[in-house]
Amino acid sequence: MFGTTYGSQNGAGIVGTINNNQDVNVPGIYAGYFVGDIRVTETTYTQTVVEYSDARLKQNIAELRTAIPASKGVSTLNTVLQMTPVEYNLKQQYQESTGDSATVRRELYDEKSQLFQKKHYGLIAQDLQELYPDLVYEGDDGYLSINYTGIIPLLIQSIKELKTEIDELKSSGSPETKSAQAATSLSPGGTGEVVLYQNTPNPFNQSTQIKYYLPPVVTKAYLCIYDLQGKQLKQIHIAERGEGFQIIPASEFTAGIYLYGLIADGKQVDMKRMIFTD
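If you count the sequence shown from 1, position 181 lands on 393 in the working numbering, and the numbers rise without skipping.
Any given hint might turn out to be false.
Quick list of in silico lysine-lysine cross-link-like pairs, DSS-like style, CA-CA up to 27 Å [as the list claims (entries may be wrong)]:
no.	residue 1	residue 2
1	Lys479	Lys375
2	Lys372	Lys432
3	Lys479	Lys423
4	Lys484	Lys432
5	Lys423	Lys443
Hint data in this document are derived by calculation from the structure and do not stem from the laboratory.
Construct the entire structure; sequences and hints are all you get.
Structure below.
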């Protein structure tokens with residue numbers, strides 16, 4: 213199919229519509245203009261994708277935290293943390309067409325194509341549908357698809373909520389937070405620093421390891437875990453000195469963001485963040 217248009221009049225080289233109306237108003241000059249859904253089975257190449265987002269085209273506008281019924285009062289951040297990214301390969305699909313004398317079954321994908329051979333990364337539509345049903349669409353063929361662009365505002369809102377929680381934690385009056393702000397390192401007796409390392413893996417969904425170093429001069433040491441409001445959830449007494457570690461099982465927590473700190477001789481040495489996902 214080939215079409216062309218030229219001049220300064222509005223129009224399109226190719227016009228497609230899914231209704232019987234032949235009088236299509238093309239609001240500009242385009243190579244192609246389509247009224248209705250467009251389906252492509254292979255890769256689409258383009259320089260950029262732009263979506264209409266003009267306020268004049270919208271109604272029922274509300275801030276995100278009150279706009280998603282699926283959240284049911286749960287913060288956007290915690291809901292986003294329930295999303296499970298996956299990697300996958302495409303499964304071959306088949307299409308059947310019936311002729312005068314026979315039914316022909318052909319493959320939908322070229323199995324030598326990059327689209328079919330490369331790994332893909334994304335979400336499972338059925339899982340996302342439980343969290344944000346408005347981001348999931350069902351096609352005429354019964355298969356589900358995802359509006360990935362619609363996830364971007366959720367990520368922005370999650371970052372804003374996380375920033376608010378961090379700011380509240382920094383300004384809270386809890387003893388744990390005050391001590392965390394007062395000291396980030398300790399050199400007891402001048403024999404070496406107490407060190408707290410970032411947990412690995414992070415994020416985690418089964419267990420994570422927290423490493424630390426305690427000089428011999430430290431008499432009492434504890435590894436403490438807090439929620440983002442500064443409430444202590446767990447305290448582990450550390451008896452050994454030198455390099456050590458603790459294994460934290462995910463079974464003791466619900467999905468979310470937590471803080472952990474090392475207390476040596478009554479002083480908060482350091483505070484770090486760990487993320488547990490389902």
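Practice prompt. Could you work out which earlier hints the structure fails to respect and list their numbers in ascending sequence?
Written response: 2
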